[in-house]
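Participant: Chain residues, written in single-letter form:
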Amino acid sequence: MRITRRGLLKSATAAGAVSAVGFPHIWIKNSSLARAADGEIKVGVLFSLTGTTAIIEESLNKATILAIEEINAAGGINGMKIVPVVEDPASDPATFAEKARKLVLSDKCVSVFGSYTSASRKAVLPVFEKRENLYFYPTLYEGRECSKNVVYTGAVPNQQQDEFVPWLVEKFGKKWYLIGSNYIYPKEENNYCKKLLEGLGCEVVAEEYVPLGHSEFSSAINKFKSLQPNVIFSTVVGDSVVALHRQYRAAGLDPAKMPMASLTTSENEVAAMGGDAAAGHFTSAPYFMVWDSPENQKFVEAYKTRWGGDKVTHFVSEPSYFQVYLFKQAVAKLAASDIDPKTIREAVKDEQMVAPQGKVQIERDNLHTWLWPKIGQCKSDGQFEILKQSSEWLEPEPYKAYPTMHCTEQGLSES
Amino acid sequence: MEILAQATTGLSIASILLMVALGLAIIYGITGVINLAHGELVMLGAYSAWALQTFLGLGLLESLPLIFLATAAFGWVIDRVVIRHLYNRPLDTILATWGIGVMAQQAVRLIAGGELRYVQMPESLSSALPLGGVDIPMMRLFILGLSIALFVVTGYLLFRTNLGLKLRAIAQNREVASCFGIDSDRIYGLTFAYGAGLAGLAGAVISPLKSVSPEMGTTYVVDAFMVVVLGGVESLIGTVISSGIIGGLSGSIAYYFNDTIAKAVVLLAIVVLIRFLPQGLFAARVRS
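Protein chains in written order, with the working numbering: chain W, 1 to 415; chain Y, 1001 to 1288.
Only chain W is shown next, with the shape it has when bound in the complex:
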């Protein structure tokens, strides 16, 4: 087959014409104008329904859908219904990025609610920053992030530890043992914890990291027995939490003398380890299921009615729920033709509402949330008893452990 110039020019023109017509988003920059069309507002819901972290992400999906259904039943946003596009990234960060791209580019969602692990958030971040979309992230995390395309409704280290650590030092003592799973979240939390402990004149007798999913803690328990710390600060996650607590209990250690203080033990993990193993240990979180407020009673009742009487709400499903309402409040301020991730982000700044945990507000500088940390002690019936509620809501400072860095409205600044 001879390639002639005429033939080449013809086929090139044909290919060019086909691609221009067949893939219009290559050259139409404003295809996002079609976003809030037909009285529908499309949002993405990106939580794993299968895979290792599905255990907890399922509940986040349920809380988000509950909020969307409630808003739609009350008339939607200015008469427009929220249409959730649910994707299952199967606990794999690469799939998270792929699904995020799908939601942002082909489904044209105006915002996406998603992620539990930091790995998945880091994986989708480039998608949202490049495409200028908005991600609502409900999970407590290690801070040290300042993206203008993410609204963070979970607690950061300063909110979880600023009141918790001094309270524990005062009640139990100055010898601390830090144990966590081997990845960034426990390491940053321990970093912040060590800074606080230094300021309080405490001693860190050991700091160790176990592999993710590790469930054999007899050596660690031997170390607890020989080093005799006053507090065991635990940031292990998932299966490891349950195994650590059960083996601690089986070894006959006493939570009244050597309690485990955790940021990650929620009602879910307590149900899996049994009230016996959980009793006496402490967790710090902005929300516990037993919190006595009218908003929380309404939330828990609605959740149980919709998803089953045996379900529990916890400190990640509550932000998943209230962040949808904050989204609604932001979008309700905008005209229908003006609904765009950028305008929603501007509108959500300083938005406040009374969430199940208390009044919350999105901080305009860093898009994190003002929260009410509480200290709970687990009872043998599997629920927490709230021992201390912070008197003021706490400002989120994602870079508090790094005094030279600040997250401002324009971005990350270093002094």
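Bear in mind the hints are in silico, worked out from the structure with no lab data behind them. Careful: at least some of the hints might be erroneous.
Mimicking DSBU-like on lysine-lysine, the simulated pairs with C-alpha atoms at most 30 Å apart in a straight line are [as the list claims (entries may be wrong)]: (1) K194(W) to K174(W); (2) K1263(Y) to K122(W); (3) K171(W) to K379(W); (4) K342(W) to K311(W); (5) K175(W) to K1263(Y); (6) K1263(Y) to K225(W); (7) K1263(Y) to K194(W); (8) K225(W) to K175(W); (9) K333(W) to K148(W); (10) K1263(Y) to K379(W); (11) K62(W) to K388(W); (12) K175(W) to K379(W); (13) K379(W) to K342(W); (14) K62(W) to K342(W).
Based on these hints, arrange chain Y on the given structure of chain W.
Facilitator: Relative to the frame of chain W, chain Y by itself:
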């Protein structure tokens, strides 16, 4: 006192490894089937314990015989339906058993949900026994005792019964054994069932110390293979010794350093040992 604590930790880890690996050693040793679904058999044992506890109110100790029979039956079914066609194709058994493992995991997730489940520790085993200044959890002592008992029973089965004689004959040479009138198909089925039952028991007794989730099996199958490969295929003594070595080594390194380093060092040690002893520690001496 510290040495005693470490020794008991090492023994405890070793006994858990032994329980999980014993079934695999039997299956791999006798039939040569690489059973990648072994972890899922452990998981099924744990879930059976949970199910019997939740729906029938049976305690862990009472349900152990039922769990053994249930997982043994499941193992027998796998053998009859899938493995039977693949006896002469070892590479295909890898794929087939892995597929069965994946299906079992997802089936459990669909039926029982993905949440972590709670299996109650029996009342009699919830305390810690003070022994020479060290508090040893009763549950761990029970697992140690059970693993030794199962090892003795398996040894007796293999070396003192007629069935065991047939098993060993088939392990040496299947075709010649068939010539002697041994029904190898039926024996293979029973072997698979027995190995699966042992795995189920392991899962059931471990579940009060850890948690029950659909993917708990994945770590166990890796550990079981490490033990079997290190100990030497077809050698029961090898399985015991290698689980002792691995258990003791991980326990002591984890005590002096941490668990992450312990895992890495143990794996490295196994790799080095296999390099010099490719057949494992106790290789069967055959005329080749």
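Participant: Now look at each hint and say whether the structure bears it out.
Facilitator: Going down the list of hints, with the structure as the test:
1. A threshold of 30 Å between alpha carbons decides the hint, and for K194(W) with K174(W) the separation of about 12 Å falls inside it, so the pair holds.
2. A hinted pair counts as satisfied when its Cα atoms are at most 30 Å apart, and K1263(Y) with K122(W) qualifies at roughly 27 Å.
3. For the hint pairing K171(W) with K379(W), the CA-to-CA distance comes to about 18 Å; that is within 30 Å, so the pair holds.
4. Pair hint K342(W) plus K311(W) does not hold up; C-alpha atoms about 36 Å apart against a cutoff of 30 Å.
5. With a C-alpha separation of about 28 Å, the suggested pairing of K175(W) with K1263(Y) holds against the 30 Å cut-off.
6. A hinted pair counts as satisfied when its Cα atoms are at most 30 Å apart, and K1263(Y) with K225(W) qualifies at roughly 22 Å.
7. For a cut-off of 30 Å, the pair hint linking K1263(Y) to K194(W) stands: about 26 Å separates their Cα positions.
8. Between K225(W) and K175(W) the alpha-carbon distance is near 13 Å, which keeps this suggested pair within the 30 Å criterion.
9. Distance check on the hinted pair: K333(W) and K148(W) sit about 20 Å apart at the alpha-carbon level, within 30 Å; holds.
10. Between K1263(Y) and K379(W) the CA atoms are separated by roughly 34 Å; this puts the pair beyond 30 Å, and the hint is violated.
11. Restraint check for K62(W) and K388(W): the C-alpha separation of about 29 Å stays at or below 30 Å, so the hint holds.
12. For the suggested pair K175(W) and K379(W), the alpha carbons sit about 25 Å apart, so the restraint of at most 30 Å is met.
13. This hinted pair does not check out: K379(W) and K342(W) have alpha carbons roughly 45 Å apart, beyond 30 Å.
14. Proposed proximity of K62(W) and K342(W) is supported: the alpha carbons are some 27 Å apart, at most 30 Å.
Checked against the numbered hints given earlier, the structure breaks hints 4, 10 and 13 and satisfies all the rest.
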